[in-house]
Structure formats: structure tokens, C-alpha cells
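Taken in sequence, the protein lines are chains A and B.
For the first sequence, this note's numbering begins at 585 and goes up steadily by one.
For the second sequence, this note's numbering begins at 1297 and goes up steadily by one.
Just so you know, these hints were derived from the structure itself, not from any lab.
Heads up, the beta-carbon is just placed ideally off N, CA and C, and yes, glycines get one too.
Treat each hint with caution, since some may be false.
In silico EDC-like cross-links for lysine to aspartate or glutamate, where the CA-CA straight-line distance does not exceed 16 Å [stated by the list, open to error]:
id	chain 1	residue 1	chain 2	residue 2
1	B	Lys1466	A	Glu623
2	B	Lys1469	A	Glu625
3	A	Lys890	A	Asp914
What follows is a set of in silico ranges between Cβ atoms, one per label pair, in the way DEER data are often shown [unchecked claim]:
id	chain 1	residue 1	chain 2	residue 2	range
4	A	Arg661	B	Gln1408	43 to 53 Å
5	A	Ala664	B	Gln1298	48 to 58 Å
6	B	Gly1353	A	Lys674	39 to 49 Å
7	A	Val669	B	Arg1301	27 to 37 Å
8	B	Ala1404	A	Pro639	13 to 23 Å
9	A	Arg662	B	Gln1350	29 to 39 Å
10	A	Gly688	B	Gly1303	44 to 54 Å
11	B	Arg1299	A	Val669	27 to 37 Å
Not close to chain B: a few residues of chain A, all C-beta gaps over 10 Å, as computed [claimed, not checked]:
id	residue
12	His589
13	Thr630
14	Phe684
15	Arg700
16	Arg704
17	Asn708
18	Gln916
19	Trp941
Residue strings, one per chain:
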Amino acid sequence: MTCEHAREQLSALLDGALTPDDRAACQLHLDGCRECAREWERFTRTVALVRGLEPVGAPVGFVDRVLEAAWPTPWYRRLARRLFVPLPVKLPLEAAALLFVAVGAVYLFQRVPEQRSEVRERANRQESSQAVGSRPREPSGPVGSLTLAHEAARAHLSGGEAVQREASRPDSRRSTETPASAASQQREATNSPTAPTAHESAAPSQRVPAAALPAAQTAPAQAPPPKAPEQSRLALEKAPSPESPRELPPQGALLGRGLGGRSSESARPDAKQQGRATVSKPLEFGEFGGDTPPAISARLVVQNPKTALPAVVDVVRRLGGTSVSQRVNDGQAIVEARLPGPAYPALVRELRHMGTWSAGDVESSSPETLFLSIRITQ
Amino acid sequence: MQRLRGGDPAAFERLVRTHQHRVLSVAYRMLGNVAEAEDAAQDVFLRVLGALGQFRGDAKLSTWLYAVTSRVCLTRLAAGSRRLAPGRDDEETLARLPAPGDDPGREAEHRQLQAALTRAIDELPEERRLVVVLRDVEGLSYEDIAAALGVELGTVRSRLHRARMELKDKLEKFLP
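The shape of chain A in the complex, shown without the other chains:
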């Protein structure tokens, strides 16, 4: 047997696949040939190494994956398995997550209305501060006339008696006047934060209708002020429509000498004399002479706006100011007042003792007089 033939038989010899005769011949050759014997030794060692390879096994979960591929689980069962298996771990986690989401939703739900109302109030404050000292606006509608008539009616009341009555009245709707500031009150009433409403919706008869003056004048002095608006309203109903303008006595005649019986008395004869009224533009500070006082729109947050309103008015008066108008609606009270400029810091200090004060900056430095619009809220 040649070496080549013997080496061709090595694999079969190793595996016992040779016939007995072939095996004997091959073995004989290997015993006599050193090279072939060495080759046989290396060959057997190689096969032993291959047979000694580390066996490998299937990874964990292989059977499950095969079964899943063979019989796919319905989607709802897979979903339930993902959500709840293992139960002791996933159930508490999911319950905690649901609770967290619920608490967050409730918190947001409560928070959003508060933020909305805050934004609304801020917008109103800006509007009111813009309204004060703004340019004249076109009057429209009878509502403005109502407001002006209301203010004029109150202005007609004698200052001292009106102030004392108002001070003693527990009602929230009252106005405080002094004879000295009656004229300016008329002007302030025109340009108050409520004035935009008056200005925007007022009829061309922004001037006090002549018919309203007698009605206000005839309102008994003892009559409570809330009725004055009603009377003014009644007077307004009789007042001419915008289509029939009437001429009114000069406004200076009404206000320059202060509102009171005199001005109305003088107005009436003038109105009678003239026999007609003319529509005039809205009243403004500047029209009646004097400087336009800087306007401040402020907010005072208290526990009870209704009970705080008289206290605020009292503070204003003690500091030398005058309350032009007061009203209460929707849980908030609004005070419009004039205040000597130097008294403003003292006012702020006192009102801060009552609640949370927030206000815009004073428009000019060291103003002589300030016009305040204080919104008292909860």
C-alpha cells in the first residue's frame, strides 16, 4: 500500500468503515511508515478536537417563540399578557400610574379656570387703565346716557348731605360727593372705567339731557341715591333719541360753577330758552379746564369685598380724596376716587393692611391729583 493510498483511507479507518482486509493493510503500512504514522496521529487528533467542540443549546424561550409562531396568540390575549403578566409586578405599577394621571388631571382641571380668570382680570385692568385718559370715543346707544344721567343725578345732590347719607348707608351702591368736587366728579364720572361702556354705548346725548336734569333735580333730597338712577332712567326714556339732537347749555355752565341746583337751574332756563338740545361729544377732563389727573388702575384682594368697600372709601376720604363712584357686582366692588398725589403712598400703605394690593405705576412723577380705580376682589 502506498502512502497516498494509506492516507486516503485514514478517515474510513478512523470511522471503522474499512473492510477487515483493507483495515489490516492500512494498519500494516502505518506501522512501517513513520511519516504516515505521524500523519495518522495528527489526523486523529484533529477529529478529536472537532468532536470535542462545546455543544450549543437553544436560548431560553426558544420553544415559546416557535409555538407562538406556529399558533399565534390572539391580539387580545397578547395584550392582556403584556398588561398583567406578571400580575404581582404589573398590577401595582399600573394602578400607581393611573392614580398619578388622575391626580394630575384633577390638578390641571382646577388650575386652568383660575388661570383663565386671572388672565381675564389682567385684561380688564389693562382696558380700564387704557380707558382712563383716552381720547374721546364716539357715543352710541342709550346706555351711556343712562350712566351719565345717573352720575349727573347724583352730582346734583347737595354735596354735604349726599356725603353724609352715603357714609351712613350700608348699601354698597352709593356715591360720595362734595360740593367742591362736584364739577370734577362729573368729569371723572365721564371718564371712569365704566365710562368706556358709557362712551361706547352712549347715545349722542352724552351731555346730560335737559329732561334728565329736572328729573334729577326734583328727586327728593331724602331719596336714596339708588333711586336716582332709576329716575334718571325714567328721565332718559323721555330724553330725545340720537336722531333728534338737542342743544344743551354749555357744559361749563353746568360744571364750572359746580353741580348743584344752581347749575341745573341755569341749565333749565337755557334749555328752555333754546328749546332744543344738541348732541355733543363725551365729556372729558380737558374740556372743562384743568389738567388731566394721572389715572391708576389698582386691585385690592380681600376676604369680603362688600365689607371692605366702605373701609376703602373711608381711607380715601381720610387722606383728602373723594370717592367719585362705587358699585358692587359679581362679588367684586369698584371704587373710583380722586386723591391728592402726595397722599398716594399713604393710601397704598393703609390698603395693604386690608389685603393684597397691586397697581400700575403713576403716570407722572409727583402728580398733584390722581384718579384711582380700585377693584376690590376676593
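On the provided structure of chain A, position chain B as indicated by the hints.
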């Protein structure tokens, strides 16, 4: 067997559990990548499940499984499945079945030898690789290999001898 042919899930599960390591071992040695091997092994069992009705039973079930595995692996290799060198991750992913006589002191040398062996087998031509895996790794007889691959007995001997001789040359430094 009857339950298997009837599509009994429990019987099929038992089949998979019994033969999963063999099928995956051949697939891994042929394809050289754990992910591909697992995918191929899953494919093998799904084909078996689908073809159980056609299995006549004249051959051993294991031989039939090897045949299906061989065909699946050769098809994937022919389709251009990239044969990646098995990395350390692959070795850790595959379950290492305990070998008798583990000696911690020779662990590094042993791992080096294993890596060289795997690389040498990986470099064999596909047909020779398959034969040496079936014979020397899985322990099939020449007849079973011939039946599984559908070739003559002489072809099996020839391919096997050539594969072993090549491996001998590649593993020169590990041989005396």
C-alpha cells in the same frame, strides 16, 4: 407520531423541546450567527409542522429533522446570508451545555482552541462543512448523513475526508 400528524400542539411542543438543541447546533455551525441560527431553527420546526402529514415514518424523525435543517441552512447560504464570525456575545447567548471534566485552570487555552476550531469549520466549503458537522459534531452515521443529504455513501466519505484533512492543516499549531 399520530398525534403529531394530527397537529396536536402538545405533541409538537414535545418535539420541539426534544430536538431544539440539535437543530440549533447545526444551524449555528452552518450559519455562524446566533440570530440567523435561531431564525433558521424556527423555520425548520415550522416546516416540519407543516410537513408532518407527508412524513412516511420510514426514516428516523431525527434524521428527517437533520435533513430539513440541512436544506434550510444551505438555502439560506445560497441566498447570500452573510456568515458572520461568531463573537463573544454569540457564545454567551447560546446555552453552554456542561462539558464533562471542566478544568478552570485551562479555561483560556480551551477558549482559544474553541475559537480556532469554530473559525476553521467556518472556512470550510458549505457541503464539506455540513458533512463534518453532521458526522463529528452531531455523531450521525454515514448512512444517516447520506439519507439526510440525499447523496451516495461514497460522496459522504469523500466530503468528510476532505473536510478533516483541511481542518488538520488549519489546526497545525494545536497539533503535536
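Hints, one by one, checked against the model:
1. A threshold of 16 Å between alpha carbons decides the hint, and for Lys1466/B with Glu623/A the separation of about 14 Å falls inside it, so the pair holds.
2. Restraint check for Lys1469/B and Glu625/A: satisfied, since their Cα atoms lie roughly 14 Å apart, inside the 16 Å limit.
3. For the suggested pair Lys890/A and Asp914/A, the alpha carbons sit about 11 Å apart, so the restraint of at most 16 Å is met.
4. For the pair Arg661/A and Gln1408/B, the supplied restraint of 43 to 53 Å holds, since their beta-carbon distance comes to about 48 Å.
5. The hinted range of 48 to 58 Å is not satisfied by Ala664/A and Gln1298/B, whose Cβ atoms lie roughly 34 Å apart.
6. Judged by the Cβ atoms, the range 39 to 49 Å given for Gly1353/B and Lys674/A holds: they are separated by roughly 46 Å.
7. Against the hinted window of 27 to 37 Å, the Cβ-Cβ separation of Val669/A and Arg1301/B comes to about 33 Å, which satisfies the hint.
8. Between Ala1404/B and Pro639/A the beta carbon distance is about 20 Å. The supplied range of 13 to 23 Å therefore holds.
9. For Arg662/A and Gln1350/B, the hinted distance range of 29 to 39 Å is satisfied, since their beta carbons lie about 31 Å from each other.
10. Range check, Gly688/A to Gly1303/B: Cβ separation about 51 Å, and the 44 to 54 Å hint holds.
11. Taking 27 to 37 Å as the suggested C-beta distance range, the pair Arg1299/B and Val669/A conforms, at roughly 29 Å.
12. Distance check for His589/A against chain B: the nearest CB is about 13 Å away, which clears 10 Å, and the non-interface claim stands.
13. A cut-off of 10 Å between C-beta atoms contradicts the statement that Thr630/A is not in contact with chain B; the least separation is 4 Å.
14. For Phe684/A, the requirement that its beta carbon stay farther than 10 Å from each beta carbon of chain B is met, with the minimum near 37 Å.
15. Interface exclusion of Arg700/A from chain B stands, the closest Cβ pair being 56 Å apart, more than 10 Å.
16. Its beta-carbon lying about 62 Å from the closest one in chain B, Arg704/A satisfies the requirement of being farther than 10 Å from that chain.
17. Here Asn708/A stays apart from chain B, with its beta-carbon at least about 67 Å from theirs, past the 10 Å limit.
18. With a least beta-carbon separation of about 71 Å from chain B, Gln916/A lies farther than 10 Å from that chain, consistent with its non-interface assignment.
19. Trp941/A, annotated as away from the interface, keeps every beta carbon of chain B farther than 10 Å; the closest lies near 70 Å.
When the structure is compared with the earlier hints, violations turn up for hints 5 and 13 and for no others.
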